[in-house]
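**Q** Below are the chains, spelled out letter by letter.
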Amino acid sequence: MIEVKDLTKTYTIDGQALKAVDKVSFAVGKGEMVSIIGHSGSGKTTLLSLIGGLTKPDSGQVMIDGINLWSMNDDCLSEFRNKKINFIYQFSSLIPTLTTIENVMLPTAFGNYSEDIEGYARELIRVVGLEDKMNSYPSHLSGGQQRRVAIARAFINSPEIVLADEPTGDLDEDTEKEVIQLFHRMNEEKGITFIVVTHNKEIANQAKKQFKMTNGILSAI
Amino acid sequence: MSARLNIISFALKNLKRKIIRTLLLLLAVTVVTGTLFSATLFISSMQNALKIGTYRLGADVLVVPEKYASEARSALLAGEPTSFYMDKSILERVKKVEGVKRASPQLFVKPSSFTCCYNVDVFLVAFDPETDFTITPWLTKNLKKSLVGNEIITGREVPVVPGDTIPFFGTAFKVAGTMEPTGMKFFDHSVFMTMDAAYKMAEDSKTKSMQPISIEKDKISAVLVQVQEGFTPDRAAIRIEHDIDGVKAIASDEVISTVRKQLGGLLKGILAVSAVVWVLALLMIGFAFSMIVNERQRELGLLRSMGAKKGHIFRLIIAEAVIISVSGGIVGLIAGSTLLFTFKGLILHSLKLPYLMPSATVLIELVAGAIFFSLLTGLLSSLMPAISASKMEPYEAIRKGE
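Heads up: the sequence lines are chains A and B, in that order.
Residues 1 to 221 (our numbering) make up the first sequence, in order.
Residues 222 to 623 (our numbering) make up the second sequence, in order.
Be aware that one or more of the hints could be misleading.
[Unchecked claim] Where chain B lies over chain A, by a calculated footprint (3+ residues, C-beta under 8 Å):
{"hint": "1", "region": "23-32"}
{"hint": "2", "region": "64-78"}
{"hint": "3", "region": "83-93"}
{"hint": "4", "region": "166-177"}
Keep in mind the hints are simulated off the structure, nothing from the lab.
Glycine residues also receive a C-beta, built at the ideal position from the N, C-alpha and C atoms.
Required output: the full structure, derived from the provided sequences and hints.
**A** Printed below as a string of structure tokens:
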């Protein structure tokens with residue numbers, strides 16, 4: 001379903017070219033859960049952004065369901081992201097002026113979704129255990145609670161692919177386990193494909209396919 | 222309430238984020254729109270009054286004693302009551318001047334402070350029904366009759382209604398009608414009577430009034446002239462002054478053009494100041510929105526990652542600016558109108574010019590123009606920041622915003 005071929009992305013920092021992603025090729029089948037581990041700065045986040053169509057590669061291709069992401073124009077690519085892909089970031093990615101329910105529903109503002117989407121949003125918030133924080137603003141939530149809201153948001157558009165960048169970064173051990181269980185549940189019940197970038201080897205080991213990223217080069221473990 | 226967002230509700234929530242900044246930007250638009258709207262409304266009102274007032278005057282040239290020319294101008298433009306007289310023989314001499322089609326005398330009488338029991342400055346104007354061509358057409362059209370005996374008609378600002386009685390110099394006058402407003406005090410604050418009634422009032426005042434007035438029957442204050450076709454008021458005025466010594470012939474278009482020049486100067490001044498303030502407001506809002514886009518780079522990148530198209534980001538920024546500018550415009554309209562109506566009297570007193578609100582159509586046009594102007598301010602100022610925000614690559618925006 002996801003096919004990455006010779007993907008390369010170079011940044012110029014202080015006049016020096018740095019290959020963040022260096023000729024990466026791999027494939028992920030539909031409904032698979034894949035983990036990528038690696039040190040900070042090894043290019044994991046850049047790779048996720050390339051797969052999600054957030055940045056254009058210098059060379060190589062990202063094919064999803066046989067479609068080359070960069071053959072689409074910007075509007076089509078945005079619509080594609082809105083319908084098929086969602087992200088979980090390692091930083092707080094909530095909009096401070098929106099409540100929990102509004103943050104979760106935010107992706108639906110950019111596409112056509114049915115009227116009962118709000119009910120689904122409430123259900124997702126219950127799943128992540130924040131039903132009593134439905135109308136709270138991010139400033140009234142702890143770091144861990146904010147991360148759970150972002151996780152709920154990642155499923156609002158019923159994506160086919162979730163790209164998670166350190167999704168359990170600042171969660172306590174129990175919540176971390178719950179989140180990983182949720183990923184597995186979504187993976188099994190809804191067939192969502194997960195690519196999870198993590199430092200946590202325990203989480204990485206739970207994935208069917210595991211990769212390691214070193215200096216922009218991806219290798220199977 | 223639904224938690225579903227659209228661009229407008231999202232923009233509104235974003236604006237609440239830094240409420241002080243939002244209010245300052247709104248204030249900038251309020252000041253610009255309020256100034257422009259109130260200045261335009263004020264000047265339109267004066268031009269409107271001048272147009273209607275001069276139409277009501279109906280005369281091309283006003284002939285007055287030479288040394289009272291400035292008082293006559295003040296009486297005409299600012300409605301300041303005045304009394305001056307010249308010999309009635311001037312009328313016959315004016316009629317003989319080449320280019321004069323019709324001429325009719327008028328008497329101006331300044332009532333004493335306690336002549337009238339109403340707390341309004343009124344100006345008594347007497348006309349000759351036989352020759353008059355300014356008041357009589359109005360009487361014929363609206364009252365369908367002439368004034369008889371002690372009947373008078375009043376300007377709109379004189380606080381009486383038809384049927385009331387007002388005493389002047391000991392003589393009671395009956396109000397036969399009220400003229401429509403013109404915005405010129407000369408008409409709106411005046412009481413019009415026949416010259417016979419005025420002469421009789423003066424005669425009777427010697428026995429009936431504590432402050433008698435003396436007006437000889439061979440005296441008049443002014444001669445109103447209508448010029449023949451082919452003659453301009455200016456040309457006729459020059460001829461009158463040339464042929465008759467001791468008089469000043471004031472062409473009505475001279476009065477209008479003088480005032481128009483004054484108004485034009487005023488308008489140019491206000492427009493120049495407003496243009497500078499507008500450019501500053503544009504720069505200020507534009508700069509503020511560049512800052513906003515910069516501050517929210519990561520958020521905008523996140524929105525793009527959720528599927529927001531470039532158009533969504535563009536519309537979001539534009540919507541925020543337009544909400545500020547249109548709200549500022551509406552507040553400016555209200556504030557400008559309130560200030561104008563509060564200080565109208567004071568400004569008019571210092572400018573000594575006529576004032577009459579324009580018609581509803583013109584008012585609607587002015588309000589629509591002001592709203593459009595504020596909308597344009599929002600659009601123009603946020604255009605560049607909105608374009609740059611929409612062009613950002615999602616991942617770059619997320620990274621730079623970290």
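**Q** Is the listed coverage of the region 23-32 of chain A by chain B valid when you require three or more residues with a beta carbon under 8 Å from a beta carbon of that chain?
**A** Coverage by chain B is violated here, the residue count being 0 at a Cβ distance below 8 Å.
**Q** Examine the region 83-93 of chain A: at least three residues should have C-beta closer than 8 Å to a C-beta of chain B.
**A** Coverage by chain B holds here, the residue count being 6 at a Cβ distance below 8 Å.
**Q** Can you confirm whether chain B covers the region 64-78 of chain A, using C-beta to C-beta distances below 8 Å and requiring at least three such residues?
**A** holds (count 3)
**Q** Using C-beta distances, would you say chain B covers the region 166-177 of chain A, given that this needs three or more residues below 8 Å?
**A** Result for this restraint: violated, n = 0.
Figure legend: structure checked against the earlier numbered hints; hints not met, in rising order: 1, 4.
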